[in-house]
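Engineer: Each chain, written out:
Number of protein chains: 2
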Amino acid sequence: MKPVNVGIVGLGTVGTGTFNVLNRNREDIARRAGREIVVTHVGARRDNGFATPGAKVSRDIFAVVNDPEVDIVVELIGGTTVARDLVMKAIENGKHVVTANKALIAQYGNEVFAAAQKKGVNVAFEAAVAGGIPIIKAIREGLAANRIAWVAGIINGTGNFILTEMRDKGRDFNDVLKEAQALGYAEADPTFDVEGIDAAHKLTILASIAFGIPLQFEKAFTEGITKIGRDDVAYAEELGYRVKHLGVARRTANGVELRVHPTLIPEARLIANVHGVMNAVMVMSDAVGPTFYSGRGAGSEPTASAVVADVIDVARVLTTDPTNRVPHLAFQADSLSDLPILPIEEVETAYYLRMDVKDHPGVLAKIASVLSEGAINIEAIIQKDQADETAPVPLIMLTRKVQEKKMNAALDKIRKLDVLVNDITRIRVEALSQ
Amino acid sequence: MKPVNVGIVGLGTVGTGTFNVLNRNREDIARRAGREIVVTHVGARRDNGFATPGAKVSRDIFAVVNDPEVDIVVELIGGTTVARDLVMKAIENGKHVVTANKALIAQYGNEVFAAAQKKGVNVAFEAAVAGGIPIIKAIREGLAANRIAWVAGIINGTGNFILTEMRDKGRDFNDVLKEAQALGYAEADPTFDVEGIDAAHKLTILASIAFGIPLQFEKAFTEGITKIGRDDVAYAEELGYRVKHLGVARRTANGVELRVHPTLIPEARLIANVHGVMNAVMVMSDAVGPTFYSGRGAGSEPTASAVVADVIDVARVLTTDPTNRVPHLAFQADSLSDLPILPIEEVETAYYLRMDVKDHPGVLAKIASVLSEGAINIEAIIQKDQADETAPVPLIMLTRKVQEKKMNAALDKIRKLDVLVNDITRIRVEALSQ
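Respectively, the protein sequence lines represent chains A and B. For the first sequence, the tail end lands on 426 under this note's numbering, and the numbers increase by one without skipping. For the second sequence, the tail end lands on 426 under this note's numbering, and the numbers increase by one without skipping.
Bound conformation, chain A alone (with noise of 0.2 Å):
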């Protein structure tokens, strides 16, 4: 059979991967895709040094998407703006896409999509979501039989990392966060990965295909790590919980939540398991009940076992009949249902509540009337004695389901108590059990 012929642009970290996977395990790709994979062309804006043997390489990226011979365009240079100018050309083109690029894809995926359907070409995006896990394949095709309740996923590593550091040695966020960064794990500006602008990416994208629902990243709830204290997550801990920056996309009666925040996780849940840069998802569908995927979710060779999977996907269905195809959303793409979805307030979770109250007797009391009047339930309870009588006394509570605006309204009484030293923390808590 005649060999595919790729086109790589952009390399960097998952670039550089890339073609060493397609080269190293040659052999055995070849074996399973029962033809040969080959990368015949490379575009790259800089010489970086890095050696494609058997590739032409043009400095003009968009050399590789109008070269004749290219079948499949691999897509990772990142970014929304001249990525969305290269897949948009490489489509018109004809050509098959493989990308990385989850801001891409949650951001323009619909059009890039639409554009796509019309040429008849596929454009696929597993290492957008989780890295090396083949979490879009599990959800689009694995779960195909089911429909699905809720998605929820620690889907940035170095977030994981850092709340996972706080854990295990008592460290400050920001200290972590320095140390990342000096790993290479943590960008200069690290907003996208720590306010969950990346994971919200991943997560919007993640809904769609379980949902059957159009992208949809501007409504996605996002709050970051940036102030969970070391405290929290020791208190968490005493409660039973861990916390976890989590992404959960959850169908309801009423619509989807889309959110990523910090969350506590019973520590029984694989996911609070799931520690350093490893990335991992769960899944809850009515046929086959949880089920769990763990693994890499970022870097360079990781990245590039979901880049080439997805290669050979394409290249498996380039004389399929484009209908017969999965389609890009799970769901034919004139089947997507219009399910709103929700803005945090409508949404109910349990809560973490962190108070530090000044030391006066009665104080408890006060707080727990306007949590009773706002109907929300308490489920555990812990003060800690401070040393030095002045000082103020940290209140942990644990509540019950409570829809977001509820507490909101009941978070507001407490601050005007004049009890509080400090503004509330509080930290959605998800069972994950049903």
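Because the hints were derived from the structure by calculation, they are not lab data. Glycine included, every Cβ here is placed at the ideal spot set by N, Cα and C. Take these hints with a grain of salt, some might be off.
Stated by the list, open to error - Which bits of chain A does chain B cover? Going by a derived footprint, with three or more residues having C-beta under 8 Å, they are:
hint : stretch
1    : 98 to 110
2    : 121 to 128
3    : 193 to 200
4    : 317 to 326
To be verified - Derived pair list, reagent style SDA-like, types lysine to any residue, alpha-carbon separation capped at 20 Å:
hint : chain 1 : residue 1 : chain 2 : residue 2
5    : B       : Lys398    : B       : Asp377
6    : B       : Lys110    : A       : Met(-7)
7    : A       : Lys110    : B       : Arg23
Starting from the structure of chain A, add chain B where the hints point.
Structural biologist: Below, chain B without anything else, positioned relative to chain A:
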């Protein structure tokens, strides 16, 4: 698009689950598959009262595979006699086949796939391994870029339920087995489950798709969990390990290890924290590193989830050139490799040893010196004092890695020392770290 007609043969636990899932999620499945998937014919030798509205019912199950209207035959009768004839007949008739039958695939898969390839039809078997976890798809497609080093799995829910109960409640094997039988988790004859035969069927399949070798069930090594005592489970815990009935398929320089046996696993591994009837599979690959998959490995709808996913997959490739489909055993049939399966004596692992010894001075020294002569290094020792001085003393050792035949030779020497009260309990240890 024309609906795809499915014939289900066998209306037991999985057959009824498959019918229910296809009906309940019919609309979502059509939105995913781009066409209706309809059960038009059901074959069941006896009437068990389960209604199959819309489907013709035949008591002669071969009527389903001879029905010209049926596109895909779903074989769910189990066993390897009638099921084998039925599947071969379906292939002969040009039908695609979906099966959950691990024994059939592990023992007769080579023949079945050869016939299917000749006819240009698909035989899909996701449900044969780890129930609803899409592990076949993950390895065969999701990890297709990788050279796989090893696969390790808890792939028998009955065994894992028994070991979990023994650990959690300090119960004895026979006691828990009786409960498992009462709960319907274990058969009246539990041999297939507790002796590791069922797990070896599944492991045989996993090894083939991981390494690209023919199915060789007859060469799999199996050791059951019947001799594991609750004390062993407790000692393992003390050493930081959990006892699991693990299937391990590993590629070594000399060949492939293919073995199912009780195994000590460090408690920090996710797979050591898979409890009750849950299944899990860990895969170590060169590009992505470790990935981990967990979910329900048995039961009506969890298994149906995998069966229906296969039906959708097969429906998609009905019109695809057969040479472009994912190969049955992940690698093209003409490029399977002839890596030998290693006899267990050639396998190298660490060991947990429990010896109930006579309480005499010098016993430990004698045993240690035999191990030392055999170049077997000891990593940890637990020696328990007994209240009753005449009672035997349990001596627990954790060794470093050594070839099984060297361990066998050393244990034979220890048996001749005349210090043992009972025979030695030996459990293999797997670090699962690289």
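Engineer: All hints are to be evaluated individually against the structure, with a verdict given for each.
Structural biologist: Against the structure, the hints:
1. 98 to 110: The restraint on the stretch 98 to 110 of chain A is violated, since only 0 of its residues have a Cβ under 8 Å from chain B and three are required.
2. 121 to 128: holds (count 4)
3. 193 to 200: violated (count 0)
4. 317 to 326: holds (count 6)
5. B:Lys398 - B:Asp377: violated (29 Å)
6. B:Lys110 - A:Met(-7): The given pair, whose Cα atoms are some 18 Å apart, holds under the 20 Å limit.
7. A:Lys110 - B:Arg23: holds (19 Å)
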